[in-house]
Structures are given as C-alpha cells and as structure tokens.
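Participant: As a plain string of letters, each chain reads:
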Amino acid sequence: DTAVSQTPKYLVTQMGNDKSIKCEQNLGHDTMYWYKQDSKKFLKIMFSYNNKELIINETVPNRFSPKSPDKAHLNLHINSLELGDSAVYFCASSQDDRANEKLFFGSGTQLSVL
Amino acid sequence: QQQVKQSPQSLIVQKGGISIINCAYENTAFDYFPWYQQFPGKGPALLIAIRPDVSEKKEGRFTISFNKSAKQFSLHIMDSQPGDSATYFCAASNRGGGNKLTFGTGTQLKVEL
Numbered sequence: 201d202t203a204v205s206q207t208p209k210y211l212v213t214q215m216g217n218d219k220s221i222k223c224e225q226n227l228g229h230d231t232m233y234w235y236k237q238d239s240k241k242f243l244k245i246m247f248s249y250n251n252k253e254l255i256i257n258e259t260v261p262n263r264f265s266p267k268s269p270d271k272a273h274l275n276l277h278i279n280s281l282e283l284g285d286s287a288v289y290f291c292a293s294s295q296d297d298r299a300n301e302k303l304f305f306g307s308g309t310q311l312s313v314l
Numbered sequence: 010q011q012q013v014k015q016s017p018q019s020l021i022v023q024k025g026g027i028s029i030i031n032c033a034y035e036n037t038a039f040d041y042f043p044w045y046q047q048f049p050g051k052g053p054a055l056l057i058a059i060r061p062d063v064s065e066k067k068e069g070r071f072t073i074s075f076n077k078s079a080k081q082f083s084l085h086i087m088d089s090q091p092g093d094s095a096t097y098f099c100a101a102s103n104r105g106g107g108n109k110l111t112f113g114t115g116t117q118l119k120v121e122l
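Chains A and B, in that order, are what the protein sequence lines are.
Sequential numbering from 201 applies to the first sequence in our numbering.
Sequential numbering from 10 applies to the second sequence in our numbering.
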C-alpha cells in the first residue's frame with residue numbers, strides 16, 4: 201500500500217488553465233504538506249495543514265489554493281497557470297506538526313505548463 | 010535567502026569509496042538537521058537525522074558529523090555502493106517552526122563500479 205499517494209503523476213497543460221493535484225495519505229497522520237521542487241531540484245515548502253487547519257502558508261501566489269476536506273487528504277488547486285509554475289509538486293505528511301517530525305513524501309506530480 | 014548551503018552540487022565516487030556532502034546554515038535557531046535521499050521519479054525519504062546536542066550520529070554506512078560552533082554538518086557514506094546513487098538533501102528546522110524544513114540545494118551522487 202502506498203503511504204502517500206498523489207495524482208496525477210504527470211500533468212501537461214496550457215498557460216491560463218486551471219488544474220488540481222490530489223493527495224491522500226493512509227498513515228493516520230495529522231499533518232500534510234505541499235512542497236515545490238524546481239528544475240534545479242530545489243525543494244521549498246508551500247503549505248502545511250494540521251487536522252484540516254492551515255499552519256504554514258509561505259509566500260505563494262494566491263493562484264495556489266490548498267484544500268483539506270479531511271486530515272487524510274490535501275489537494276492543491278492552481279488557477280491561471282503560468283510557465284513558471286512548471287515544477288514537480290510533492291505532497292508529504294507527518295505524524296503531527298511538532299518540529300522535527302519525519303516527513304513522508306509522495307512520488308510527486310510533474311507539472312508542465314506550455 | 011538561502012539559509013542552508015550545500016556542496017558539492019554533484020559528486021562521483023568509486024564503489025567502496027567514501028562520499029562526503031557538506032552543509033552550512035545561518036539560522037542559529039535551527040535545532041534539527043535531517044538528511045533526505047531522493048531517487049529519480051520518487052519523493053525524498055528520510056535517511057538519517059541529528060540534533061545539535063551530539064557531534065556525530067551513525068546508522069550503518071551513513072554518518073552525520075555536526076559542528077555547532079562552525080554551523081556546519083556533513084553526511085559521510087562509507088563503502089559507497091552503486092545503489093547509493095541518488096540526490097541527497099540536507100535540511101534544517103527549529104522548534105516553533107511548525108515542522109517547516111528548509112532544504113539545501115541537493116547533491117547528485119553517482120557511485121561508479
């Protein structure tokens with residue numbers, strides 16, 4: 201069983217479109233995250249949710265909107281996609297939001313904006 | 010602002026050799042330093058982690074050395090194997106940060122036969 205699963209694995213779309221990436225974890229964790237990995241492999245946190253409550257919101261354009269319907273799911277919706285949004289987006293989870301908890305990452309969604 | 014600097018960007022090591030990756034940090038509030046390993050097409054996975062109250066932590070062939078005064082830490086992979094070929098990320102976080110990890114820029118390691 202995949203612990204943190206995200207769909208789709210690949211997403212190719214045109215500039216200006218709206219798209220969503222879904223994430224689910226079956227680890228029973230309270231906290232979920234979205235990370236962005238750019239073309240140089242730099243990993244940066246975007247958001248974190250703890251028990252459906254937004255905890256971390258980095259300086260991300262408001263075109264990005266996370267939604268957590270329950271603590272096992274954290275989806276990412278992106279409006280008006282831009283070329284610079286092309287990246288690999290990773291969902292992750294941890295037991296809770298205390299510092300130093302181990303992160304479990306999904307396999308990533310490679311987003312290509314044409 | 011790059012709070013965790015990592016070097017080298019890439020590294021080629023012969024099978025059986027020692028791989029060394031270095032990281033330096035600026036924020037003295039950081040108190041947890043994990044290393045993550047990422048294979049192509051996969052997400053990062055925790056490899057080993059250290060807190061600043063010890064200077065070294067060893068797990069199998071992997072060792073973290075930590076120098077608090079210099080604000081530096083490094084990963085040593087002993088007896089490197091081709092299966093160790095991956096990208097390695099150092100990271101740091103601090104209490105009260107909501108488990109927010111700040112990652113280094115990554116090191117692509119290739120272990121040759």
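Source of the hints: derived by calculation from the structure; they are not laboratory data.
All C-beta atoms in this analysis are idealised placements derived from N, C-alpha and C, irrespective of residue type, glycine included.
One thing to keep in mind: the hints can contain errors.
[Unchecked claim] Among the chain A residues that face chain B by a calculated CB cut under 7 angstroms, a handful are:
1. Asp-238
2. Phe-242
3. Asp-270
[Unchecked claim] Now the stretches of chain B that chain A is said to cover, found in silico as 3 or more residues with beta-carbon under 8 angstroms:
4. 50–62
5. 90–104
Participant: Using a Cβ cutoff of 8 angstroms, are there at least 3 residues of the stretch 50–62 of chain B near chain A, or does the coverage claim fail?
Facilitator: holds (count 8)
Participant: Taking the closest Cβ pair, is Asp-238/A under 7 angstroms from chain B?
Facilitator: 10 angstroms, violated
Participant: How about the stretch 90–104 of chain B: do at least three of its residues have a C-beta closer than 8 angstroms to a C-beta of chain A?
Facilitator: It holds: at least three residues are needed, and the stretch 90–104 of chain B offers 5 whose Cβ sits within less than 8 angstroms of chain A.
Participant: Would the hint on Phe-242/A be counted as holding, given a Cβ-Cβ threshold of 7 angstroms to chain B?
Facilitator: Nearest chain B Cβ about 6 angstroms off; hint holds.
Participant: Against chain B, with CB atoms and a cut of 7 angstroms, does the hint on Asp-270/A hold up?
Facilitator: 20 angstroms, violated
Comparing the model with each numbered hint stated earlier shows that hints 1 and 3 do not hold.
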